[in-house]
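S.K.: For reference, the chains in residue letters:
2 protein chains.
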Amino acid sequence: MATANQPTSGNGDFEKIDASFQITVRDHVHRAMRSAIISGRFQPGQKINERKLAEQFGVSTTPIKEALRQLETEGLVEALARRGVVIRFSSSWAEEMILARAALESMIAHLAAKRIDENGREELRAIANRMKEATASGDADSLITLNETFHDHIHRSSQCGYLAKLIERQQFYDASIRRVIHLDPTERQKALNEHVAIADAIAAGDADRAERTMRDHVVRSGDTYLSIVFKKQGEI
Amino acid sequence: MATANQPTSGNGDFEKIDASFQITVRDHVHRAMRSAIISGRFQPGQKINERKLAEQFGVSTTPIKEALRQLETEGLVEALARRGVVIRFSSSWAEEMILARAALESMIAHLAAKRIDENGREELRAIANRMKEATASGDADSLITLNETFHDHIHRSSQCGYLAKLIERQQFYDASIRRVIHLDPTERQKALNEHVAIADAIAAGDADRAERTMRDHVVRSGDTYLSIVFKKQGEI
DNA sequence: ATTTCAAATCTGATATATCAAGTTTCACAC
DNA sequence: GTGTGAAACTTGATATATCAGATTTGAAAT
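Protein sequence lines correspond, in order, to chains A and B.
Here the working numbering is used: the first residue of the first sequence is 1, the next is one more, and so on.
Here the working numbering is used: the first residue of the second sequence is 1, the next is one more, and so on.
Where hints are given, some of them may not hold.
Copies of the same chain are indistinguishable here, so a pair counts whether it falls within one copy or spans any two.
Result set (DSS-like, lysine-lysine): computed pairs, CA atoms no more than 25 angstroms apart in a straight line [said to hold, decoys possible]: (1) 114 with 231; (2) 190 with 231; (3) 114 with 165; (4) 165 with 52; (5) 132 with 190; (6) 165 with 47; (7) 231 with 132; (8) 52 with 190; (9) 231 with 52; (10) 47 with 190; (11) 132 with 165.
No lab work stands behind these hints: they were computed from the structure.
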């Protein structure tokens with residue numbers, strides 16, 4: 001093992017530097033393309049030309065191909081053998097991504113309610129309290145951060161690494177739109193009520209209620225997002 | 001558009017040849033690796049060497065890299081920037097894949113119950129009846145096929161393309177083990193009862209019951225599978 | 001024996017070249 | 001005008017080459 005992070009004279013409790021800090025070209029391309037697709041900058045069915053894309057990014061086709069494989073596995077593009085890739089994203093796809101997230105987040109909330117320990121409960125309540133304050137003061141930026149913290153904490157409490165990863169791939173919120181939503185006091189209050197209900201259920205160890213409240217929250221907030229981005233309501 | 005599939009003298013209702021018939025090297029590698037990982041032929045944490053793998057498959061590293069990107073997005077391996085990929089699969093990962101499938105299949109069953117039409121209902125009942133016969137006669141091969149037909153039909157009835165794709169990636173059944181399970185009369189009967197309950201709920205348009213029965217079915221049959229492969233019970 | 005550190009080596013990341021399947025173009029026949 | 005088909009072109013699939021970060025090695029210093 002590497003010794004650089006555990007010098008003989010140190011106490012050794014440093015965390016290893018996360019290799020994911022180093023951004024590769026393929027990851028940059030992947031993120032850029034994902035963001036572009038999800039925010040509707042490509043038409044459904046539109047063909048993607050590897051060489052042109054490589055030229056636009058100013059790189060070779062190798063990292064492009066890799067990024068496209070990732071997008072393909074995510075379900076955002078479809079690869080036709082020897083005919084290239086086409087965009088597969090529309091409002092209906094987005095609706096289904098929300099449903100997928102609802103299904104997975106509610107499953108993870110269920111498990112979190114069963115597995116959370118006392119420290120986790122305290123931390124969860126603390127996060128909820130900070131959310132109350134930020135909601136009252138209308139601090140949209142804090143709310144966006146706290147929202148991530150909240151869900152991350154639940155993911156960790158569930159002890160589900162795979163499910164948490166899977167959920168990440170159902171995420172397609174755009175920061176700017178998120179801020180727009182959080183700037184609306186009514187929306188802000190709705191989200192807070194839901195978050196508090198979820199936190200209560202998990203802290204109380206009520207797995208079924210945690211599941212239900214989480215699902216409702218994800219679907220409702222997802223629909224709000226959709227109605228802004230696609231000017232239409234999703235439905236379950 | 002291509003005219004080859006729509007000759008002027010024909011009626012035009014031929015389906016286009018699916019481009020996925022043409023197997024590429026990267027897909028072959030992807031499937032082979034996925035199968036190998038899922039059936040435990042790699043140790044968790046084991047490092048994968050691209051060049052060696054390419055040599056084993058007798059191909060260049062390009063399709064290998066692409067296949068690894070797909071596995072990475074599926075969550076079966078982890079890529080550390082500039083340090084290569086390591087296997088991320090263990091019994092706990094398998095348990096979570098079952099939970100993911102349960103969450104997604106139950107969501108899709110919920111929607112199928114709401115969206116299925118009369119033709120779909122009839123077809124669903126017909127499949128269930130064929131399952132009854134195959135169960136009675138102990139025809140394991142037919143049951144394996146019918147099982148796929150059953151779930152596929154529900155996927156189609158839900159009209160959810162994205163969710164159906166996502167579910168595919170949570171599948172890790174091995175045909176041989178599947179047969180072992182279906183050869184046990186008790187298991188066979190349990191599965192039949194569950195399938196019938198699911199079909200009834202969907203045909204009756206009872207979305208909540210469809211969701212519940214589907215979830216129970218996926219979790220229970222998944223646990224049966226796990227107990228055989230990993231010699232241990234999963235839990236929810 | 002242990003530490004240090006630079007050279008050698010390994011290996012993933014990226015670039016470039018080649019190959020072959022798919023598409024388009026257009027002259028030609030009917 | 002319509003259909004045919006071969007050549008030209010396009011482009012994804014694969015192979016190979018190059019680059020650079022990470023790891024290993026081993027000799028020198030302590």
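S.K.: Please go over all the hints and tell whether each is borne out by the structure.
M.R.: Status of the hints after comparison with the structure:
no. : hint         : in the structure
1   : 114 with 231 : between (38 angstroms within a copy, 24 angstroms between copies)
2   : 190 with 231 : within (20 angstroms within a copy, 46 angstroms between copies)
3   : 114 with 165 : within (20 angstroms within a copy, 29 angstroms between copies)
4   : 165 with 52  : neither (31 angstroms within a copy, 28 angstroms between copies)
5   : 132 with 190 : within (11 angstroms within a copy, 48 angstroms between copies)
6   : 165 with 47  : between (28 angstroms within a copy, 20 angstroms between copies)
7   : 231 with 132 : neither (29 angstroms within a copy, 47 angstroms between copies)
8   : 52 with 190  : neither (45 angstroms within a copy, 55 angstroms between copies)
9   : 231 with 52  : neither (32 angstroms within a copy, 51 angstroms between copies)
10  : 47 with 190  : neither (40 angstroms within a copy, 47 angstroms between copies)
11  : 132 with 165 : neither (28 angstroms within a copy, 38 angstroms between copies)
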